[in-house]
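Protein chains in written order, with the numbering used here: chain V, 74 to 494; chain S, 74 to 494.
Just so you know, these hints were derived from the structure itself, not from any lab. Honestly, I wouldn't trust all of these hints.
Distance condition first, Cα-Cα at most 30 Å in a straight line; then the derived DSS-like pairs of lysine-lysine [what the hints assert, rightly or not]:
hint, chain 1, residue 1, chain 2, residue 2
1, V, Lys105, S, Lys299
2, S, Lys237, V, Lys452
3, V, Lys418, S, Lys208
4, S, Lys208, V, Lys84
5, S, Lys355, S, Lys324
6, V, Lys237, S, Lys452
7, S, Lys418, S, Lys105
8, S, Lys324, V, Lys299
9, S, Lys276, V, Lys223
10, S, Lys223, V, Lys422
11, V, Lys379, V, Lys422
12, V, Lys299, S, Lys105
13, V, Lys418, S, Lys87
14, V, Lys276, S, Lys223
15, V, Lys224, V, Lys256
A few chain V residues that face chain S, going by a derived Cβ cut-off under 7 Å, partial list only [said to hold, decoys possible]:
hint, residue
16, Ser243
17, Asn272
18, Ile293
19, Val413
20, Gln454
21, Ser457
22, Val458
So, partial list: chain V residues that the calculated Cβ filter (under 7 Å) puts toward chain S [what the hints assert, rightly or not]:
hint, residue
23, Ile166
24, Gly167
25, Glu168
26, Arg171
27, Gly185
28, Gln244
29, Ile248
30, Val287
31, Leu289
32, Gln292
33, Ala296
34, Leu459
35, Met460
36, Met462
37, Val463
38, Val488
We treat Cβ as the ideally placed atom computed from N, Cα and C, and that holds for glycine.
Protein chains: 2
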Amino acid sequence: MDHLHSEGFQKVTKVDDALRIFIGAIHWPPPKTESVILSEALGRVLGEDIVSRQFMPAVARSVMDGYAVRSADIANASEEHPITLEVTGESRIGEACRTVVKAGQAVTVATGSMIPPGSDGVVMVEKTQNLSGHKIGVCAPIVSGQNISKKGEDLSPGTPVLMKGQRLRSQDLGILRALNFVKVRVVRRPRIGIISTGNELVKSPGKRNVGKVVDLNRQILSAMVKELGAEPMDLGISRDDESGITRILRKALRSCDIILITAGSSVGKKDLVPECINRLGKPGMLVHGVAMRPSLPTGLAVVDGKPILSLPGFPVSAMIAFRVFGRPLIGRIMGTDDPVEPVVKAILKERVSGPEGFRTFVRVILRRTTEGLVAEPLKLQRSSVLMSMVAANGIVTIPENVEAFDAGQEVDVTVIGEIVS
Amino acid sequence: MDHLHSEGFQKVTKVDDALRIFIGAIHWPPPKTESVILSEALGRVLGEDIVSRQFMPAVARSVMDGYAVRSADIANASEEHPITLEVTGESRIGEACRTVVKAGQAVTVATGSMIPPGSDGVVMVEKTQNLSGHKIGVCAPIVSGQNISKKGEDLSPGTPVLMKGQRLRSQDLGILRALNFVKVRVVRRPRIGIISTGNELVKSPGKRNVGKVVDLNRQILSAMVKELGAEPMDLGISRDDESGITRILRKALRSCDIILITAGSSVGKKDLVPECINRLGKPGMLVHGVAMRPSLPTGLAVVDGKPILSLPGFPVSAMIAFRVFGRPLIGRIMGTDDPVEPVVKAILKERVSGPEGFRTFVRVILRRTTEGLVAEPLKLQRSSVLMSMVAANGIVTIPENVEAFDAGQEVDVTVIGEIVS
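Chain V extracted, bound-state conformation (with noise of 0.2 Å):
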């Protein structure tokens, strides 16, 4: 591997193999579970299946204003020769309705209304004409169950109804009010330790702070990791020594799932991240070193069976080594899947290339034109360049297997921001 390339790493692993081996690594116990009402249940993740137990809709309804009929009774019935019926009472929405329907009857029902015993079907208010003495014509026919939800019809007991590991939606907690929840199982909120690295880092700027950087990574992190409904706990700054690194970790492998530690990751003299991971326990760091850029000096550990993940300090480099195994590291841990990104295809307005055997991300701003969308590479992609995910409103993922995308050419653009025309 070329030294341009790797930045003195002995070797890099492929962005595939070093997630498989990550994910293999660890153990990963059914997720605990906690019990929340619906309404705060949006987005969550189901900790159990969902089994219908009752009928849905409990008794058969109308689903038209009309009058409940039987259907043999209007077989042949048309505008030309209307067939008269007596309405002999109503069907009230809201209230059970027990007049059975006999041949050459009919009962009003309204959208809602209980189906009257005897009765097969409905037929719409709009086929029908007012007679005198409660009698009505009929202009058209029906099939027998026309206009009627039947009993059972959305959910019978049994019907398999949510499956654990989904994610709530507004429709999901809409049915399970109807099966009677006021609150459901779903899946704990792991908690996920935040640690930012390095000598330089401040919280807040001083006026004579020259030479320090406000720190962003946790900002940054815990607002990615609030996104996938995890709980971030943010274990601050440590300064670039073994002792304060192994401290601060120690505390984060007591109370937290998943540990995200920024920084101290390269290979430099102050880069004591890995070693202090592989001194605090087995097996300690399975990866170092990612072939995709950004993100290059990206570390993959797992120490008494909790994952670690060492992202590199630059924030862009932090995002997208999270975007790659973060987000799918806390996915697994909560039992479900990633959530689906946007993709959109656009056109490249410039080429862009990658360094070979690499997964490359770039950054772009995505615009609708007369001619369809274009992705425009953002001028500055090199990771210490915040503004290229700040200005960025998609991502162009160039393949290790390709070496660059010409401009003009179509490529798929994930969206990560709103698009302006």
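For chain V, the structure is supplied; the task is to place chain S on it using the hints.
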């Protein structure tokens, strides 16, 4: 218009026309804003333009571990003929560096260290050899500026950073932190009043409630409103009577920015909502009956400047109508665009069709197969079947000018849930 399609509506309005009439009738004041701390600002709509007032980085920094040098000194360096430089100091991470690099000299730097005065580039440690007596051999030339993140490379005073109306993402919070923001001005969450109507509706199922239906719409719509970053206000259930509906609508007009009211909007004798709205104020109902399936009995109204969305009673119809009209409405009041939804191409497993001139929303199950994504329309598409939204993870939209999509045809599918293999 065929009666079978229009269910007694005198006139139905096309979706795009309906939305244009509705949005055009509303006076949009600039959104109200409030100040929130950064860690609470994820997903909120930015209420002010952000322009940088500082340089980022504040000083030039190295983006590599290596040596700060004068590029002219090593212009002829090669593996065969390394150029010897004297290392006169170190620029420590997090500290100011005042050691001036003179001709023939180098200063040790790490990723993130300040670039010492006099030097104009950094040579990577991998391109150097350690020689005795504080000397190194440089094996490759650099161009001026190489491996340096210049002062202000990311941001300079006056650089536009974020625009009013953007939804704040993780990286946006990061750059705000870098710009020394502790709080940020965001758009206040608009209050969306949610009302259900219907004599058949109850809050929870009861043993003796034959004919009653548990109201699901408030639960579902509250969740949909929350997802958009607005604040749902559950105003309860009204019985189908004029005074009840009028009272609850008056209350909503006083306390909410937008009102959603479900059911009571089709053309039947109990369909009081449009009448109540028209009596409450001007201009009242603007559209009643939209050329869409489901959700034909949707009504769009404005009273005293406040938008009222009269949604059909079946949860599926209420959801689809909310997607079509409620989402852009709430986006507009917040001064932002709709969030981009994922859309994928999939092969349709069965033919789907819709009434001529109508926009039809077909709920499908998307599955990954060896032939790619396949979209299978759910059997029961009627709006009374909530499982058609719960089991679905995609929606196929049949435009007004398309009669049908055939089996085997590739179609666009909006992804509304996880895709299982």
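Consistency of the hints with the structure:
no., hint, result
1, Lys105/V / Lys299/S, "holds (26 Å)"
2, Lys237/S / Lys452/V, "holds (23 Å)"
3, Lys418/V / Lys208/S, "violated (53 Å)"
4, Lys208/S / Lys84/V, "holds (29 Å)"
5, Lys355/S / Lys324/S, "holds (17 Å)"
6, Lys237/V / Lys452/S, "holds (23 Å)"
7, Lys418/S / Lys105/S, "violated (39 Å)"
8, Lys324/S / Lys299/V, "violated (36 Å)"
9, Lys276/S / Lys223/V, "holds (22 Å)"
10, Lys223/S / Lys422/V, "holds (26 Å)"
11, Lys379/V / Lys422/V, "violated (43 Å)"
12, Lys299/V / Lys105/S, "holds (26 Å)"
13, Lys418/V / Lys87/S, "holds (29 Å)"
14, Lys276/V / Lys223/S, "holds (22 Å)"
15, Lys224/V / Lys256/V, "holds (26 Å)"
16, Ser243, "holds (4 Å)"
17, Asn272, "holds (4 Å)"
18, Ile293, "holds (4 Å)"
19, Val413, "holds (5 Å)"
20, Gln454, "violated (12 Å)"
21, Ser457, "holds (4 Å)"
22, Val458, "holds (5 Å)"
23, Ile166, "holds (4 Å)"
24, Gly167, "holds (3 Å)"
25, Glu168, "holds (5 Å)"
26, Arg171, "violated (10 Å)"
27, Gly185, "holds (5 Å)"
28, Gln244, "holds (4 Å)"
29, Ile248, "holds (5 Å)"
30, Val287, "holds (6 Å)"
31, Leu289, "holds (4 Å)"
32, Gln292, "holds (5 Å)"
33, Ala296, "holds (4 Å)"
34, Leu459, "holds (6 Å)"
35, Met460, "holds (5 Å)"
36, Met462, "holds (4 Å)"
37, Val463, "holds (5 Å)"
38, Val488, "holds (5 Å)"
Checked against the numbered hints given earlier, the structure breaks hints 3, 7, 8, 11, 20, 26 and satisfies all the rest.
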